[in-house]
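Peer 1: We have chain A already, so just place chain B on it with the hints.
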Amino acid sequence: GQNIDQPTEMTATEGAIVQINCTYQTSGFNGLFWYQQHAGEAPTFLSYNVLDGLEEKGRFSSFLSRSKGYSYLLLKELQMKDSASYLCAVSSVSGGSYIPTFGRGTSLIVHP
Amino acid sequence: KAGVTQTPRYLIKTRGQQVTLSCSPISGHRSVSWYQQTPGQGLQFLFEYFSETQRNKGNFPGRFSGRQFSNSRSEMNVSTLELGDSALYLCASSRSSGRTGELFFGEGSRLTVL
Chain A
182 GQNIDQPTEM
192 TATEGAIVQI
202 NCTYQTSGFN
212 GLFWYQQHAG
222 EAPTFLSYNV
232 LDGLEEKGRF
242 SSFLSRSKGY
252 SYLLLKELQM
262 KDSASYLCAV
272 SSVSGGSYIP
282 TFGRGTSLIV
292 HP
Chain B
396 KAGVTQTPRY
406 LIKTRGQQVT
416 LSCSPISGHR
426 SVSWYQQTPG
436 QGLQFLFEYF
446 SETQRNKGNF
456 PGRFSGRQFS
466 NSRSEMNVST
476 LELGDSALYL
486 CASSRSSGRT
496 GELFFGEGSR
506 LTVL
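These protein sequence lines are chains A and B, in that order. In short: position in the first sequence from 1, add 181, done, that's our numbering. In short: position in the second sequence from 1, add 395, done, that's our numbering.
Bound-form chain B, shown alone:
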């Protein structure tokens, strides 16, 4: 079956702009979580959605937001971009809320902020 699909794969923005990233989970998976990955901080949890509801949010400013649609597809938005937002943004899906630990990751969207 198809894996987790993220679009776009690469994008370049300038400071102050906003960006929207998209994630299509594996069919049948209802939980979608988002992570920011940087060389210095590793993988950091942004938020998790389950059945269109945000269940948890990581320690990121309000400029980072997300949503999930009825078909489980999810989007995340970053407004007023800063240089420090340059990172790989990974989406992961799982059947429930990740209790068994197995998350299926997409290949990520690499954001560069100039």
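If we strip away everything but chain A, and leave its shape as in the complex, we get:
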């Protein structure tokens, strides 16, 4: 089975940097991705890591270590609009396709 752990809630200050960690245990690993979900809205894709290392995309970066079953999402220069839930999801092979299993999400609160 799949098991994904991420903190339930984090708080940070506008302009700061925050790191949201995600650990996982899975079989048939095919990649890890991060989604952002604002309250009352649909999740939106942020990043996808299939190889070890850091992927940078503007203010957001995502890191993966497959051997450790570990990933983090790094948000720099935090803005109030970054207050949202951040979902870590692991893609694994099942029945010939790739099924994402989502963590329960980390609610990030950015305050002035």
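Where hints are given, some of them may not hold.
Claimed, not checked - Derived, one-sided and incomplete: chain A residues facing chain B with beta-carbon distance under 10 Å: (1) 185; (2) 225; (3) 226; (4) 268; (5) 282; (6) 286.
Keep in mind that the hints were calculated from the coordinates and are not lab data. Every residue, glycine too, gets a C-beta built ideally from N, C-alpha and C.
Peer 2: Chain B only, in chain A's frame:
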């Protein structure tokens, strides 16, 4: 291009009733997957359809079913509703089977079971 469209956005049902939710994927996307989102359990995978065939099914009872039409539009049905079925039901589409990880979600159908 138009995003993923889900209807209805909100609905209220009573225990024992059944409900059908609809999802129109982004044009050109052949894979449609469904998720249930609740505060306690997060996003849980229900099933995935690709070219009218169910490719995978999550760990939900048989009361939850779905189908996909030739135009890639999909419906999911929940029969004999229970209070615990109250949730946000999200549909997501992708070009293939989600290998690259990018799913495009609709805004969901919020179901309340009384």
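Peer 1: Evaluate each hint against the coordinates.
Peer 2: Going through the hints against the structure:
1. 185: It holds, given that the least Cβ distance between residue 185 of chain A and chain B is near 9 Å, below 10 Å.
2. 225: holds, 7 Å
3. 226: Holds, about 5 Å.
4. 268: Since chain B brings a Cβ to about 7 Å from residue 268 of chain A, closer than 10 Å, the hint holds.
5. 282: holds, 7 Å
6. 286: Since chain B brings a Cβ to about 6 Å from residue 286 of chain A, closer than 10 Å, the hint holds.
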